[in-house]
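K.L.:
Spelled out from the first residue to the last, the chains are:
There are 2 protein chains.
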Amino acid sequence: MAGTYHKDESNTVNRYKHQATYDVDTIHAIVNSTPVLHVSFVPDTSVPVPVVLPMIGQIGHYPSDSESHCYLHGYVSSRLMNLAASPPGIPLCVAATKVDGFVLTLTPNTHNYNYRSAILHGHGTVVSSDEEKLWAMQLVTNSVVPERYENSRVPPDNAEMQSTQILKMRIESASGKVREGVPEDERKDMKRDDVLDSVWTGVIPVYEKLGEPVGGPYNRVKEVPEHVRRFVDGENARRWTYAVEASRKPAPVKRVKKQNQVE
Amino acid sequence: MAGTYHKDESNTVNRYKHQATYDVDTIHAIVNSTPVLHVSFVPDTSVPVPVVLPMIGQIGHYPSDSESHCYLHGYVSSRLMNLAASPPGIPLCVAATKVDGFVLTLTPNTHNYNYRSAILHGHGTVVSSDEEKLWAMQLVTNSVVPERYENSRVPPDNAEMQSTQILKMRIESASGKVREGVPEDERKDMKRDDVLDSVWTGVIPVYEKLGEPVGGPYNRVKEVPEHVRRFVDGENARRWTYAVEASRKPAPVKRVKKQNQVE
Chain A
17 MAGTYHKDES NTVNRYKHQA TYDVDTIHAI VNSTPVLHVS FVPDTSVPVP
67 VVLPMIGQIG HYPSDSESHC YLHGYVSSRL MNLAASPPGI PLCVAATKVD
117 GFVLTLTPNT HNYNYRSAIL HGHGTVVSSD EEKLWAMQLV TNSVVPERYE
167 NSRVPPDNAE MQSTQILKMR IESASGKVRE GVPEDERKDM KRDDVLDSVW
217 TGVIPVYEKL GEPVGGPYNR VKEVPEHVRR FVDGENARRW TYAVEASRKP
267 APVKRVKKQN QVE
Chain B
17 MAGTYHKDES NTVNRYKHQA TYDVDTIHAI VNSTPVLHVS FVPDTSVPVP
67 VVLPMIGQIG HYPSDSESHC YLHGYVSSRL MNLAASPPGI PLCVAATKVD
117 GFVLTLTPNT HNYNYRSAIL HGHGTVVSSD EEKLWAMQLV TNSVVPERYE
167 NSRVPPDNAE MQSTQILKMR IESASGKVRE GVPEDERKDM KRDDVLDSVW
217 TGVIPVYEKL GEPVGGPYNR VKEVPEHVRR FVDGENARRW TYAVEASRKP
267 APVKRVKKQN QVE
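In order, the protein sequence lines correspond to chains A and B. Residue numbers for the first sequence follow the working numbering, so the first one is 17 and each next one is one higher. Residue numbers for the second sequence follow the working numbering, so the first one is 17 and each next one is one higher.
These are calculated hints, taken from the structure and not from any lab test.
Partner residues are not named here, just some residues of chain A that face chain B (Cβ under 7 Å, in silico):
1. W216
2. T217
3. A259
Derived SDA-like pairs: lysine to any residue, alpha-carbon spacing no greater than 25 Å straight-line:
4. B:K265 to A:G231
5. A:K204 to B:E147
6. B:K204 to B:R264
7. A:K238 to B:K204
8. B:K265 to B:R203
Some residues of chain A that are not near chain B, with every Cβ distance over 12 Å (derived):
9. G19
10. K23
11. V40
12. N48
13. Y78
14. S102
15. V142
Positions of the beta carbon are idealized from the N, C-alpha and C atoms, including for glycine.
Could you put the whole structure together from the sequences, leaning on the hints where they help?
P.N.:
This is the structure we're talking about:
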């Protein structure tokens with residue numbers, strides 16, 4: 017799984033290049049830890065009007081495939097279904113973004129987020145084999161809460177298999193961006209005592225917190241099960257640590273811009 | 017600002033209609049409380065390949081306009097800039113999604129999220145007037161932390177005004193979806209004692225938590241200022257309350273489907 021995505025016209029980051037990444041593991045980790053992916057496609061190929069849908073998704077490597085794909089679960093409308101029915105499928109763009117902190121600086125223009133984002137480009141087709149669909153359902157369910165699939169009523173019956181549609185996207189190119197660290201301001205403001213003496217600068221760490229699980233009205237299992245408890249406690253510790261550490265790291269080092277370099 | 021968006025082909029929700037909303041206030045509130053919007057456009061109008069970019073945005077009503085627009089701040093690439101240079105601008109789709117909880121049910125297929133999502137469709141142009149640009153910079157900065165604009169070094173100087181680009185999107189149609197409440201399962205599983213006795217069902221509340229502000233390396237203001245403190249404490253209480261209350265509400269009531277109704 018190691019390696020980097022090839023840089024081409026579709027995925028080269030032109031702005032804040034020092035924050036860009038093409039590292040496969042980094043990009044997959046961002047996508048796989050984001051609870052909602054934003055998936056874009058063009059429903060009517062004769063007009064350049066895009067649609068974005070929130071979907072649940074996960075990158076995984078189906079055993080008989082030669083590479084990883086992004087599996088997307090959600091409502092596949094009949095128009096999307098038709099466009100994705102046959103190879104090469106429908107052009108998709110998938111975006112995953114996590115906010116890790118609000119970076120408060122001296123001026124509005126230098127304000128920033130600590131964040132991790134990933135963008136995937138490729139074509140999506142509908143998974144037709146029952147075996148691969150089952151595998152993807154398990155992958156996606158366990159991406160929400162690990163081991164949840166095995167801890168629920170499985171396997172899905174015929175009606176459930178029929179009603180579930182999974183899009184499988186070939187990742188043809190991808191890029192990521194990561195910003196972490198303390199505030200950064202421009203030299204002109206760093207020289208001004210009046211500004212430095214009056215404006216608080218720092219980072220507000222941000223992370224997606226999991227609250228205490230709330231048993232539902234027909235729940236009969238008294239104790240919150242181990243797989244849920246471990247997930248909630250483990251993730252809260254991990255996420256808090258990441259956001260707080262990101263807020264204390266050195267600011268990203270900007271590469272020196274060559275003269276006449278177009279950004 | 018009251019009212020509803022008109023339903024047409026572009027925005028009518030066909031799936032889980034009972035969770036759909038066209039209410040202007042609800043949709044604007046979802047967009048305006050989401051720290052990252054996902055903005056899609058088609059860079060080359062001759063091929064139906066979309067791009068999604070994460071941007072910071074806010075819906076607001078510029079005093080001299082007759083209606084609210086969505087203002088988007090972020091890197092406006094030269095290709096996007098050219099496409100958005102002149103009216104009617106470039107077709108955009110903007111998505112905002114907030115996860116409020118993981119809904120764990122008896123079977124993988126009935127698992128769900130509590131969430132709020134909004135989708136806006138319309139055309140975007142680049143804001144050219146300095147007055148409106150300043151107004152939008154204030155709107156967007158204060159959407160991250162209220163009163164932050166006034167509490168930083170303002171106004172922006174000429175170089176800052178030049179380097180800041182804001183997209184202004186006319187909201188031509190919009191829709192939202194809100195799912196809140198306890199788990200829901202199908203009748204076939206609700207009859208099975210073996211399943212009910214072994215599978216824990218409930219909701220893990222989820223909310224974006226703000227950590228203790230961390231002062232930066234050149235910060236000279238000793239106390240975390242009132243506008244930051246109020247924001248952190250107020251939002252944490254509000255968000256926690258929303259997620260926990262959402263996890264205890266009754267499940268959404270499905271409207272009875274008419275015979276032969278196409279979903």
